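Starting from the structure of chain A, add chain B where the hints point.
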Amino acid sequence: MDFGVSIGESHIFRIQKAVLLYGPNPHSCSFATVHDVRVQEDEETASLGEAQLVRIEFLRELVKGLSSNAPSEVFPENVLTRNELVTAWWTPAQRRTMFFAADTTLAEVDGKKFPTPPLVFRVAASILSVRALAEDIRPNAATPLFMAPFWNVFDDGRVCHGSMRAPDDASLKALELWEKAFFGSNFTHTIRDSICLYEGGSEALWKAMAVRPLSFPPHYLKDAQQTLQEFISHGA
Amino acid sequence: MQAVATRIGNLRQGRQPRGGGQVSTSIRRRPTNPAHRAAAGYAAAPALIAPHTAFAIPSLFGVEKEYAYQDSTPIVCSLAKSLLRAGIATQEHWEASKKRPLWFIQQALRGVMEAAGGKDLHNHFVLGAMVTESLDMYTSHEPREDRLYIIMDGDQPTMLRIGEVYEDMAQLHERLPVTFWSKFVCQGFGRFFRVVDQGDVQQQIENLEELGEGEELKQAKSMKADLPLYMRERMKPLSDRTYREILHGLSPRTKLSKMLAMADEIERVAATAGRVQLDDYDEEGLYDLGECYPILSLHFGNADLVRGAVDEVVNTVMQSTASPNVIIPFNPLDIESVRAAFGRAGTIGKVIGLSAQLTYMLPYLDE
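Residue numbers (my numbering), protein chains in the order written: chain A, 1 to 236; chain B, 237 to 603.
You may find that some hints are simply not true.
Cut-off 30 Å, straight-line C-alpha distance, at most; resulting in silico cross-link-like pairs (DSSO-like, lysine-lysine) [as the list claims (entries may be wrong)]:
id, chain 1, residue 1, chain 2, residue 2
1, B, Lys335, A, Lys17
2, B, Lys301, A, Lys64
3, B, Lys301, A, Lys17
4, A, Lys17, B, Lys334
Hints in this document: simulated from the structure, not taken from any laboratory. Here the structure is a predicted model, which is why all the values come from computation and not from measurement.
Chain A extracted, bound-state conformation:
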């Protein structure tokens, strides 16, 4: 005689693989290995199988599995792309308040409103990246992107988070919070002063923009040698 119970939906999830992260200190990981997990016949003990380097394909499968319950969403018009790994959106040119740390050369313009160019934001793996647009229209895949002329931004567009209070996720609700986090925290240092074409670099640029009530002049933007498609794919 067989016995069973059928109440609601039930699943047993068994340990299948283990991912081990290796790094020089607890805060950074240099590489990861994935191992099969072998459960012995007595089901009491488990051991790791041979290591294989973690590859993007594995991570994609993992993320797909973890996000299998993701709700269907209607995208706002400014969202450019969204999948398990990357979310990207754009914002039109606008005046924004920017803050600069007190011990910097831009402390004198701290807290003022500045004209900013249209921007493309991207969040991948909880890292914010930002690029600028020359035209104030929704970009397409082939639209050329420009360096975002802000402090704390690397050449490849990544933002140096520092003490920025970044949101925990990249859900649609959180996109505005990412923008607020970026502009709401102090800009502390320039990564590369020639991130724009303004004579005198980014420091001179923002001093000039502080007294300029008009829109951001697009000819000061430096070509990033990258299209929107390339920017998005870079983080995928």
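Showing chain B alone in chain A's frame:
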């Protein structure tokens, strides 16, 4: 892996592992600083051993090897709690079920039925028992948190030949076969499980006589003639007193005596199960279901009328989703309701076990 874990544990505590191996060898070769040794003394020596430089496989000792997902956790936990409070299941069941609520409930049902039905529960009949929230898996009938069911069912009959035994009984008394049938089938096993036998043939004959004409009436007459005399007419069963007098007149070692005694016992046990009352909600759950699968068929011979009746019943059942043979509704939040339902399941388990013992004495059809 546990050995590895132990070894790593030893290393953390500064104890040197026994035996060879790269890990321990590298530690032993590390030159000790004489100044430290002198200053700290022997007692502090383990703390001075530097972390080993060799690779060690991380241990999975203590890591959860599985997670159970259950989307009806409140009702499952309610039932598990009631089973504990009612004394039906114990902490041993919980450990044996590896702390999975569904297995725990399953263990409880198995325990109750095996305790009553013994090892015979698992033989002879193709049956399963289940705790479920719905009588019809294909319906959208909304489950209720205060309603669960124990159901028992199967999908193929055990086909046995009983003709010779009936003949022997009829030699003792012409009404003994029908009395045995009444006790074993009508008031015993057949109270819970669908049995196909001469009762179905007699029903077919009655239908033909009532609704048929011409050839059909001839067929009814022919079928009637094929039934053994002791079952042809609806004979009245013997009284219990006469039945037991006949039983006591037989040697207890004979097969016939054992079967008669067992049928008497099955009838007695089955009567203690009481009647199950289904309410409107339960009836609604059965609305789209058809007849039950037969679990047992009793034949006079290898190619008798009962064989045709089995085919007809099975064909009818397969035209829709079958109703379960046994339905015991209960409220998982109510300890008394849980106790009564599992008690009833135990009683039915006992009937199954006794019936299995009885039917072991019958040959299979075509055997």
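Consistency of the hints with the structure:
Of the supplied pair hints, the one linking B/Lys335 and A/Lys17 holds, its CA atoms being roughly 23 Å apart against a limit of 30 Å. Straight-line distance between C-alpha atoms of B/Lys301 and A/Lys64 comes to about 22 Å, which keeps the hinted pair within the 30 Å bound. Simply put, B/Lys301 and A/Lys17 have alpha-carbon atoms about 10 Å apart, close enough for the 30 Å limit, and the pair holds. With a CA separation close to 21 Å, the supplied pair A/Lys17 and B/Lys334 stays within the 30 Å bound.
When the structure is compared with the earlier hints, no violation turns up for any of them.
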